[in-house]
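Engineer: As you go down the protein sequences, you meet chains W and S in turn. Throughout the first sequence, residue numbering follows our numbering, covering 228 to 510 in sequence. Throughout the second sequence, residue numbering follows our numbering, covering 50 to 473 in sequence.
It should be emphasised that the hints constitute simulated quantities derived from the structure, not laboratory data. Be aware that one or more of the hints could be misleading.
Stated by the list, open to error - Here are the computed lysine to aspartate or glutamate pairs in the EDC-like style, where the Cα-Cα straight-line distance is at most 20 Å: (1) Lys351(S) to Glu92(S); (2) Lys142(S) to Asp265(W); (3) Lys169(S) to Glu146(S); (4) Lys450(S) to Asp265(W); (5) Lys314(W) to Glu447(W); (6) Lys456(S) to Asp265(W); (7) Lys341(S) to Asp315(S); (8) Lys450(S) to Asp280(W); (9) Lys346(S) to Asp100(S); (10) Lys270(S) to Asp209(S); (11) Lys456(S) to Asp166(S); (12) Lys450(S) to Asp414(S); (13) Lys288(W) to Asp425(S); (14) Lys270(S) to Glu442(S); (15) Lys234(S) to Asp334(W); (16) Lys456(S) to Asp141(S); (17) Lys341(S) to Glu118(S); (18) Lys191(S) to Asp315(S).
Fair warning: this is a prediction, and the values are worked out from it, not measured in the lab.
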Amino acid sequence: MTNNRSWIPYLLILPSVAFLALLFIVPLLQTIWLAFSDNGVPSPANAQRMMADINFARSIKNTFLLTLAVVPVQLAIALVMGTMVAKVGRGRETILWVWTIPLGISDLAAGLVWLSILQNSGYFNSLLLGLGIIERQASWLSYQTPVALFFAIAVAEIWRGTAIVMVIIVAGLNQVPREFREAAEIFGAGAWTRFWRITLPLIRPALQSALILRTVLAFEVFAVVYALGGRNFPVLVGEAYNWQNQNQNYGVAAAYAVLIMIISLAATMIYLKAIKVDPERLP
Amino acid sequence: MKRLMSFGIVASTVLAFASPVLAQTVFVSTQLRPIEEATVVREELLQDVGDVDYVVEEPPQFAVRMEAERQAGTRTVSVVGALHGEISPLADKDSLEPLDELARTLAAGGMPQSLLDLGKLGKSTQQYIPWMQATYVMAAKKEALQYLPSGADVNALNYDQLIEWGKKMQEATGQPQIGFPAGPKGLMARYFQGYFYPSFTGGVVRTFQSADAAAGWEQLKALWAYVNPNSTNYDFMQEPLAAGEVMVAWDHVARLKNAISAAPDDYVVFPAPAGPKGRGYMPVVAGLAIPKGAPDKDGATKIIEHLTTPEIQLLTASRVGFFPTLNIKLPEDLDPGVALLAGAVTATQASKDALISLLPVGLGDKGGEFNKVYMDSFQRIVLQNEPIGDVLEAQGQTLAKLMTDTKASCWAPDAQSDGPCPVE
Chain W
228 MTNNRSWIPY LLILPSVAFL ALLFIVPLLQ TIWLAFSDNG VPSPANAQRM MADINFARSI
288 KNTFLLTLAV VPVQLAIALV MGTMVAKVGR GRETILWVWT IPLGISDLAA GLVWLSILQN
348 SGYFNSLLLG LGIIERQASW LSYQTPVALF FAIAVAEIWR GTAIVMVIIV AGLNQVPREF
408 REAAEIFGAG AWTRFWRITL PLIRPALQSA LILRTVLAFE VFAVVYALGG RNFPVLVGEA
468 YNWQNQNQNY GVAAAYAVLI MIISLAATMI YLKAIKVDPE RLP
Chain S
50 MKRLMSFGIV ASTVLAFASP VLAQTVFVST QLRPIEEATV VREELLQDVG DVDYVVEEPP
110 QFAVRMEAER QAGTRTVSVV GALHGEISPL ADKDSLEPLD ELARTLAAGG MPQSLLDLGK
170 LGKSTQQYIP WMQATYVMAA KKEALQYLPS GADVNALNYD QLIEWGKKMQ EATGQPQIGF
230 PAGPKGLMAR YFQGYFYPSF TGGVVRTFQS ADAAAGWEQL KALWAYVNPN STNYDFMQEP
290 LAAGEVMVAW DHVARLKNAI SAAPDDYVVF PAPAGPKGRG YMPVVAGLAI PKGAPDKDGA
350 TKIIEHLTTP EIQLLTASRV GFFPTLNIKL PEDLDPGVAL LAGAVTATQA SKDALISLLP
410 VGLGDKGGEF NKVYMDSFQR IVLQNEPIGD VLEAQGQTLA KLMTDTKASC WAPDAQSDGP
470 CPVE
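Construct the entire structure; sequences and hints are all you get.
Structural biologist: Here's what the structure looks like:
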C-alpha cells in the first residue's frame with residue numbers, strides 16, 4: 228500500500244521546488260553567467276575588474292571586520308537578554324516586545340535614525356555641546372575619523388540586529404527542560420556552572436541557527452552602512468550596488484554578488500561543522 | 050465556482066495592468082522627481098495635452114526599465130524625459146525614434162543649433178529634443194563675504210583666491226566652510242569633467258594625465274584642507290548650506306535651489322572659480338525622446354511640441370528652476386531664488402575667460418564608468434593621499450581603454466579627434 232504511494236511526498240514538495248527553481252535557481256544561474264561572461268563568451272574579465280578595483284580590498288576588509296566585531300557582541304548581548312527575560316515572570320511579553328522593536332524597523336530607516344543622531348548637527352553633538360564637553364560640532368562619520376565611523380556603524384548594526392538573535396535564543400532557552408537545572412541545583416552547581424554546563428550545550432541548535440542567520444546577514448550589510456558611511460566605508464554589497472546602479476556595469480555587479488554568495492555559503496558550512504548538534508536533538 | 054473565481058481574478062488582473070496603457074500616454078522622467086515638482090508637471094505643464102500619465106523614476110531604475118522593455122519587445126512608455134547622459138545608452142542600443150522633423154521646426158523657432166546637435170548624441174539623426182537646461186554654480190552665505198580676500202571679485206574668482214578665502218573662513222570660524230557634493234549620490238564627477246579639468250588643463254580626456262593636470266590636483270589638495278570633511282557624505286548642497294554646516298558650496302542649480310529660494314536674501318550665487326586655462330563650466334541638458342515601438346507616438350510628439358513652446362518653457366523656468374532651451378528672455382517676476390541662480394548662470398556664460406565643456410558624447414552605457422575614473426582619482430589623490438603621478442597614470446590607462454572600447458571621439462573643450470579620443 229505505502230509503496231504504491233511513494234510518489235506522493237515528491238508531488239507534495241513539487242510546487243515549492245518549482246517555485247525555488249523558477250525564482251531562485253534560474254536567477255542564480257543567470258547571475259553566475261553574467262559574472263563569468265563577457266559579450267556572450269566565458270571570461271574572467273568581470274572578476275578581474277572587480278579585484279583590480281580600488282575599493283575591492285577595502286570592502287572585503289570592512290565587511291569582515293564589521294562581521295567579526297558585530298556578531299560576537301550580538302550573540303553575547305542576546306544570551307544575556309535571553310537569560311534575563313527567562314527569569315522575569317510578569318511583564319515578560321512587554322519586555323520582549325520592546326526589545327524586538329528594532330526588528331520591525333527597516334534597515335535604511337535604522338540607518339537614518341542613527342544618522343540623525345551622529346551627523347554634525349545631530350542629537351549626539353547637541354548633547355555633547357550642551358554638556359560643554361566639546362566646543363564646536365565634531366564630525367563622527369567622515370573619512371578623517373575612520374575609527375569613530377567604524378564604531379558608529381558597528382553600534383547601529385548591533386542595535387538593529389541583536390533582536391533577531393535574541394528571539395532565536397529565547398526560543399532555544401524555552402526548550403531547556405526545567406528538571407536538568409533543578410537537578411544540577413540539588414547537586415550544588417552554581418549559576419555559572421549551570422549556564423556553562425547545562426544551558427549552553429542544550430541550546431546549541433538555537434545558537435547554530437542564530438549564528439548562521441546573523442553572520443550571513445552581517446556579510447550582506449548594506450543600508451545602515453550606506454546611510455552612515457556612504458562613500459567612506461565601502462562594503463561588498465554596497466560595491467555591488469554601485470557597480471549595478473552608478474557604473475551600470477552589470478557584469479562586475481554580478482561578480483560581487485557571486486562572491487558574497489560564496490562567502491555566505493562558506494560561513495554557513497563552517498558553522499554547521501564547528502557547532503556539532505546532537506543528531507537526537509534535531510527535529 | 051472556484052474556476053469562475055480564478056478566472057475572475059485573472060481577468061481583473063489583466064485589465065488592471067492593461068487599462069492604463071490603453072487610455073494614457075505614459076511619460077517617464079528622471080527629472081523633476083520631487084513631489085512638488087512632479088505636481089507642477091502634472092497640473093500645470095502638461096495640463097492641455099490630453100491624458101498623460103507622468104511617471105518619475107530614479108535614474109538607475111529608469112535604465113533598467115528601458116532595457117527590460119527593449120529586451121521584452123513591449124513598450125509601455127511613449128515619451129522619456131532624462132538627462133543627456135541617461136538617454137545616451139538608449140540611443141546607443143538604437144532604441145529611439147529619430148526626431149529630425151521636430152528638430153527642424155524647433156531650429157526655425159529659435160532653439161540654438163548647438164543645443165540641438167547635442168541631441169544627436171554623435172549619430173546622424175536627432176535622438177532627443179533638448180527640453181530644459183541647467184548648470185552648476187557656487188553659492189555662499191552673505192556672512193562669508195567678509196572673509197573674501199582683498200581684491201577678489203566674487204564673480205571672477207580664481208583658485209588661489211578660493212583657497213585663501215577658505216583659509217580665512219576656517220581661521221575665523223574654526224571649521225572648514227567650503228562644501229562639495231562628493232557623497233554617493235552627489236554630482237562631484239561633473240565638477241571634475243566640467244570645471245576642474247577644463248579650468249586647469251583646457252581639456253577633459255586628452256589632458257587627463259598632463260603636467261597641467263598634476264598641478265591642478267596639487268591645488269585641489271591645497272583647497273581640500275579647507276573643505277568640510279563631511280563633503281564625502283553630501284549629495285545635495287542645499288542641505289548643508291541651509292543647516293549651516295558650510296558657508297560656500299558648489300553644486301547643480303537644482304540642488305541649491307531649495308536653500309536659496311527659502312532665503313534669497315541670505316545668499317550670493319556666483320560662477321565657479323577659474324584656473325590657468327579659463328573658467329570651465331558645463332551646461333546640463335535634459336531631453337525628451339520617443340522610444341522605438343512607443344504605444345502612442347502621436348501623443349508623445351504632441352507632448353514634446355507642447356513642452357518646447359515658449360510659454361511652457363518660461364513656466365518651467367519660473368516653477369521648477371530649469372532654464373529654457375529656446376532662446377528666450379526670462380520674465381522679470383521670477384522667483385527670487387531662481388533669479389539669483391539665473392544671474393550666476395548669465396555671469397558664468399558672460400565672463401571673459403568662460404570655457405564651455407560639453408557633456409560626454411558617445412560613451413553609451415559607460416557614462417557611469419567614465420565618472421568613476423574621475424572619482425577614483427579623487428579618492429586616491431585627495432582622500433588617500435597617493436602620489437599624483439602614479440594615480441593619473443593608472444587611471445589614465447582605464448580611461449584610455451574606456452575610450453577605445455566605446456570609440457567615442459573627443460568633445461569640447463578637447464580638440465577634435467579621428468577615432469577614439471586619446472589620453473595623451
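Engineer: Confirm or reject each hint.
Structural biologist: Hint check results:
no.	hint	verdict
1	Lys351(S) to Glu92(S)	17 Å, holds
2	Lys142(S) to Asp265(W)	17 Å, holds
3	Lys169(S) to Glu146(S)	12 Å, holds
4	Lys450(S) to Asp265(W)	15 Å, holds
5	Lys314(W) to Glu447(W)	34 Å, violated
6	Lys456(S) to Asp265(W)	18 Å, holds
7	Lys341(S) to Asp315(S)	48 Å, violated
8	Lys450(S) to Asp280(W)	15 Å, holds
9	Lys346(S) to Asp100(S)	14 Å, holds
10	Lys270(S) to Asp209(S)	12 Å, holds
11	Lys456(S) to Asp166(S)	19 Å, holds
12	Lys450(S) to Asp414(S)	14 Å, holds
13	Lys288(W) to Asp425(S)	18 Å, holds
14	Lys270(S) to Glu442(S)	18 Å, holds
15	Lys234(S) to Asp334(W)	19 Å, holds
16	Lys456(S) to Asp141(S)	12 Å, holds
17	Lys341(S) to Glu118(S)	10 Å, holds
18	Lys191(S) to Asp315(S)	6 Å, holds
This entry does not satisfy hints 5, 7, going by the numbered hints stated previously.
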